[in-house]
Amino acid sequence: MIWFAVLLLLAKPVGYVNDFAEIISPAVETKLETRLESFTASTSNELAVVTLKSLEGDTVENTAVALFEQWGIGQKDKDNGVLLLVVPNERELKIEVGYGLEPVLTDSRAGTIIRDVITPKFKENDYDSGITDGVEAILAVLAGQEITQSAGTNNYDGGRVVLIIFIMVITFIWLMRRRVRQGLPGSRKSSWGGWSSGKSNRSSFGGFSGGSSGGGGASGRW
Amino acid sequence: MKKSLLIILAFVAVMGLSLMSTYNGLVTKSQNIDGQWAQVETQYQRRFDLIPNLVNSVKGIFTQEQEVFGQIAEARTRYSGAQTVDAKAEAATQVESALARLLVIVENYPQLQSNKAVQSLMDELAGTENRISVERKRFNDQVRDYNTTVKRFPTNLMANMFNFDERAYFEAVEQAATAPKVEL
Chain A
1 MIWFAVLLLL AKPVGYVNDF AEIISPAVET KLETRLESFT ASTSNELAVV TLKSLEGDTV
61 ENTAVALFEQ WGIGQKDKDN GVLLLVVPNE RELKIEVGYG LEPVLTDSRA GTIIRDVITP
121 KFKENDYDSG ITDGVEAILA VLAGQEITQS AGTNNYDGGR VVLIIFIMVI TFIWLMRRRV
181 RQGLPGSRKS SWGGWSSGKS NRSSFGGFSG GSSGGGGASG RW
Chain B
1 MKKSLLIILA FVAVMGLSLM STYNGLVTKS QNIDGQWAQV ETQYQRRFDL IPNLVNSVKG
61 IFTQEQEVFG QIAEARTRYS GAQTVDAKAE AATQVESALA RLLVIVENYP QLQSNKAVQS
121 LMDELAGTEN RISVERKRFN DQVRDYNTTV KRFPTNLMAN MFNFDERAYF EAVEQAATAP
181 KVEL
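One line per chain: the protein sequences are A and B, in this order. Each residue of the first sequence is one higher than the one before, starting from 1 at the first, in my numbering. Each residue of the second sequence is one higher than the one before, starting from 1 at the first, in my numbering.
So here's chain A without its partners, still in its complex pose:
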């Protein structure tokens, strides 16, 4: 357990999506990363998705709190971060909510997302849809919408707007990249940071902004 804590301390965020357990397909990971990046840009809220191979004997709740504390998800003065932690080995997950978002993303809403949106997909071993739909449901709740079973697919009203924003962001990234490095495709990870910094070719994630949480949210298993 001590070793695990040390490992956890060493783990640095690589982006908004940190698929350490390698259960998310590259295409979905890129899509989520872009989605979460633009979400932070427009709302200043920070949502981190983390998958870990195993809990190494600790509870999913403790692990989520430790990770949240270590990375400081959310803005320091607003504590507006959310962590979606998925651990395939123990088949457990946790939505850890920063202090500032507790009134919106309540424990019972987090529990509903886990039970009705995420775990049904996980039970079919469909991590891609489970995580994508879960993220969309969390974003919908944070935007003040009610949870629907299929919040992830473009069934809700904001779907079209989101699609347009998505296309705009992609175009923007594409333009920036073209200007910065004249067409070199580069790796998937390096597309991160390329647009938030613009001028530098930073290949590592700039980090979260120092928000804190206190155990709010919900956990579940599948």
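Be aware that one or more of the hints could be misleading.
Straight-line distance between alpha carbons at most 25 Å, and here's what the computed BS3-like set of lysine-lysine pairs gives [claimed, not checked]:
hint : chain 1 : residue 1 : chain 2 : residue 2
1    : B       : LYS137    : B       : LYS151
2    : B       : LYS116    : A       : LYS121
3    : B       : LYS137    : A       : LYS76
4    : B       : LYS137    : B       : LYS29
5    : A       : LYS12     : B       : LYS137
6    : A       : LYS123    : B       : LYS116
It is worth saying that the hints were derived from the structure and are not from the lab.
Got chain A; can you put chain B on it based on the hints?
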């Protein structure tokens, strides 16, 4: 003559400054502990406010489980009557074990698992219990930090002089840590 006086004055000034910063450091740490305890109490209050809703939503279903409701009500009354920090902590622990018992009972009633209202209350309760344990752990971490400072040389001389005593940790009662057995 003048030179040695200056040296002594400088020495006294440096000592005074270092004593001041040690003293202020102790005050800050002590205040942090109090602040963290307030966080724990905020979560206790949250739990306290949740209980009536929870009990009302399940009371009708558990006709044979009146005993646990009696225990919860009693512990809750004791908590609201508690004046000192110690009494509050003790009463909170009682609330905790009674609630843990109720949680086990609820889990054993499959028809409740599909009841949305009960489910959402259970989420809130589970979240609250988790918050309490997080804030308590942080409280203990701060107490450990403070106690270490108070005991170490040379801060301990200063601490003795100004009566900075060691602070007590919050210790969870054994009963709360182990899941209670329920006969159904």
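Each hint tested on the structure:
no. : hint                : in the structure
1   : LYS137/B / LYS151/B : 21 Å, holds
2   : LYS116/B / LYS121/A : 20 Å, holds
3   : LYS137/B / LYS76/A  : 21 Å, holds
4   : LYS137/B / LYS29/B  : 16 Å, holds
5   : LYS12/A / LYS137/B  : 24 Å, holds
6   : LYS123/A / LYS116/B : 21 Å, holds
Every hint from the earlier list agrees with this structure, and none is contradicted.
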